[in-house]
Amino acid sequence: MNIVTALLKTSIGKKVIMALTGVVLVGFIFGHLVGNLQIFSDPEKINAYAHFLQSLGPALWAIRLFLLVCVGLHIWMAILLWYENKKARPRDYAANHTIQASYASRTMKYSGLIVLAFLLYHIAHFTVKSTNPEFHEMTWTLADGTVVLDVHLMMVVGFSSLPVSLFYILSVGLLSLHLSHGFQSMFQSIGLRTETWGRGLKVVAIVLSLAYFAGNAAIPLSVLTGKVCRPASVEAAAESVSTSLNTHSE
Amino acid sequence: MKVKIKVWRQKDQESKGGFKIYDSPELNPNMSFLEMLDVVNEYLTDQGEEPIAFDHDCREGICGTCSLVIDGKPHGPHQGVATCQTYMRSFQDGDVITVEPFRAEPFPVIKDLVVNRKPFDKIMQAGGFVTVRTGSAPDANAIPISKEVADTAMDAAACIGCGACVAACKNASAMLFVAAKASQLNSLPQGQAEKDDRVINMVAAMDEAGFGNCTNQYECSAVCPKLITHDFISQLNRDFVAATVRKSFKSKPSTAKV
Ligand code: HEM
Ligand code: SF4
Ligand code: FES
Numbered sequence: 001m002n003i004v005t006a007l008l009k010t011s012i013g014k015k016v017i018m019a020l021t022g023v024v025l026v027g028f029i030f031g032h033l034v035g036n037l038q039i040f041s042d043p044e045k046i047n048a049y050a051h052f053l054q055s056l057g058p059a060l061w062a063i064r065l066f067l068l069v070c071v072g073l074h075i076w077m078a079i080l081l082w083y084e085n086k087k088a089r090p091r092d093y094a095a096n097h098t099i100q101a102s103y104a105s106r107t108m109k110y111s112g113l114i115v116l117a118f119l120l121y122h123i124a125h126f127t128v129k130s131t132n133p134e135f136h137e138m139t140w141t142l143a144d145g146t147v148v149l150d151v152h153l154m155m156v157v158g159f160s161s162l163p164v165s166l167f168y169i170l171s172v173g174l175l176s177l178h179l180s181h182g183f184q185s186m187f188q189s190i191g192l193r194t195e196t197w198g199r200g201l202k203v204v205a206i207v208l209s210l211a212y213f214a215g216n217a218a219i220p221l222s223v224l225t226g227k228v229c230r231p232a233s234v235e236a237a238a239e240s241v242s243t244s245l246n247t248h249s250e
Numbered sequence: 001m002k003v004k005i006k007v008w009r010q011k012d013q014e015s016k017g018g019f020k021i022y023d024s025p026e027l028n029p030n031m032s033f034l035e036m037l038d039v040v041n042e043y044l045t046d047q048g049e050e051p052i053a054f055d056h057d058c059r060e061g062i063c064g065t066c067s068l069v070i071d072g073k074p075h076g077p078h079q080g081v082a083t084c085q086t087y088m089r090s091f092q093d094g095d096v097i098t099v100e101p102f103r104a105e106p107f108p109v110i111k112d113l114v115v116n117r118k119p120f121d122k123i124m125q126a127g128g129f130v131t132v133r134t135g136s137a138p139d140a141n142a143i144p145i146s147k148e149v150a151d152t153a154m155d156a157a158a159c160i161g162c163g164a165c166v167a168a169c170k171n172a173s174a175m176l177f178v179a180a181k182a183s184q185l186n187s188l189p190q191g192q193a194e195k196d197d198r199v200i201n202m203v204a205a206m207d208e209a210g211f212g213n214c215t216n217q218y219e220c221s222a223v224c225p226k227l228i229t230h231d232f233i234s235q236l237n238r239d240f241v242a243a244t245v246r247k248s249f250k251s252k253p254s255t256a257k258v
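Keeping their order, the protein sequence lines are chains C and W. For the first sequence, my numbering assigns the number 1 to the initial residue and increments by one for each residue that follows. For the second sequence, my numbering assigns the number 1 to the initial residue and increments by one for each residue that follows.
Honestly, the hints are just simulated from the structure, not real lab data. Note that the structure is a prediction, hence the values are computed from the model and not measured. Some clues are possibly wrong.
As a list, the in silico DMTMM-like pairs of lysine to aspartate or glutamate whose alpha-carbon atoms are at most 25 Å apart [as the list claims (entries may be wrong)]:
1. Lys170/W with Glu208/W
2. Lys122/W with Asp95/W
3. Lys111/W with Glu50/W
4. Lys6/W with Asp92/C
5. Lys87/C with Glu26/W
6. Lys118/W with Asp92/C
7. Lys87/C with Glu208/W
8. Lys87/C with Glu50/W
9. Lys6/W with Asp95/W
10. Lys87/C with Asp71/W
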């Protein structure tokens, strides 16, 4: 048996795929969070960062493709395991039989599915911008004079909608729940967890999940409560531009 | 004391089966759970009803024959105890106790509470042999083994093969059993020669039998009458990954090319 068949065909192999793709996804979501937290700084900061990512060109596409493959494998294996696990217990017990399995561990497939729905919406919302085509028109002039997409404004406008913000908060909440089990689970699946440090791992998983939730929820909440908004100087500038445009057209 | 038992009755593997509720006769609280079933069975026989079939043998917690899921927990309410060592004093007078067979596709119900655990034998056979020198007895302590390693191997060897881990697992996974049986030998120097084959073959037999996949929820170790730790599952995962990688790249002796 070679590595590929072992990974795709054996029970442990499938779990190893779940774990390895899980590691990549966890790495990505934390990197993504740190990048997004720049919203709390000057608009220049996050707009320059977004422009830097855009300017990666083929490298950006390579990263996107890699992430897509990881998400695809993660979900494919999740569905396979789910199906096999259901088949292995055709009739469940009459009595409730949960002894120590955490809530998060028992709801991985549901939290995962809602996260997937969120992922698709999130990409349509802020990456492809198909839900809000006006985001394409928002531009910002960097200090060096380059005109780039105004990601800061896009986020402020995007999160001004209460239902959108609530859906984001709910989804990152479920992703955090997913992580609170997943982060521990992946170490067990590749054979690194032991009782010797398992308790510490559990604490780290919970702290990381809470921090992840706090960081992500802070962004829409700060927009909704007006803590993050367009700096007055920027607004004034935008105002004068649109007024001058209006005057012009008259 | 008296209890009511809500028991799964099923004539044979093909029949549908269903729950029946029986009132127990007067019980001594110091009876074991199995003795309670014996008493109920005597009563049922007197009534002209078929006695409840259940598995048992040693009745002292060492053979792994007894089973039963009692109020949702394999081997009853306690930790580190088999059904045969569970006593009626752990229940209250008048309790309604739900008694079900182990539920897993590879463990079909044969009759009432008896399931067929043959796939475990297949997994053990797949584990194969250990190369040892036969002939005169080897010198004691000829192979140095640290106390810690010997204890770990002994912990794994405590598995009595009851299958409660499968019964408790949300996915009917046999990982705790397989991990214990593989790690018992994998931990020792004597088990090194066939280690990679053992791991790969036992996992293949486990998958083949149709057990579910581990989702690291540790329901298994929570019900194991021998308190086998799920650290062995981690060890099995690690050994499986290493064995697969080694086997994929290792050159083979010419005679092994079939
Ligand atoms: C960015 C998104 C996601 C991240 C960061 C993530 C992370 C993880 C991690 C770290 C694990 C543990 C791997 C292991 O058990 O070895 C895991 C498991 C799992 N994930 Fe995800 N996941 C994500 C999205 C999804 C999606 C979209 C689904 C869709 C169904 C999903 C379903 C599952 C399931 C069913 C498990 C297995 C649970 C288990 O074995 O206990 N995940 N995930
Ligand atoms: S690991 Fe524990 S529960 Fe599983 S078969 Fe062995 S003794 Fe029974
Ligand atoms: S009957 Fe032997 S372990 Fe219970």
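Taking the hints in turn, this is what the structure says about them:
Of the pairs offered as hints, the one joining Lys170/W and Glu208/W holds, with about 19 Å between alpha carbons and a cut-off of 25 Å not exceeded. Our distance criterion of 25 Å between C-alpha atoms is broken by Lys122/W and Asp95/W, whose separation comes to about 39 Å. Distance restraint check for Lys111/W and Glu50/W: the Cα-Cα separation of roughly 11 Å lies within the 25 Å cut-off, and the hinted pair is therefore satisfied. A distance of roughly 16 Å separates the Cα atoms of Lys6/W and Asp92/C; the hinted pair therefore holds under the 25 Å criterion.
The straight-line distance between the Cα atoms of Lys87/C and Glu26/W is roughly 41 Å, outside the 25 Å bound, and the hint therefore fails. Our distance criterion of 25 Å between C-alpha atoms is met by Lys118/W and Asp92/C, whose separation comes to about 21 Å. Of the pairs offered as hints, the one joining Lys87/C and Glu208/W holds, with about 13 Å between alpha carbons and a cut-off of 25 Å not exceeded. With a CA separation close to 31 Å, the supplied pair Lys87/C and Glu50/W exceeds the 25 Å bound.
This hinted pair checks out: Lys6/W and Asp95/W have alpha carbons roughly 10 Å apart, not beyond 25 Å. For the given pair, Lys87/C sits about 23 Å from Asp71/W by alpha-carbon distance, which is consistent with the 25 Å threshold.
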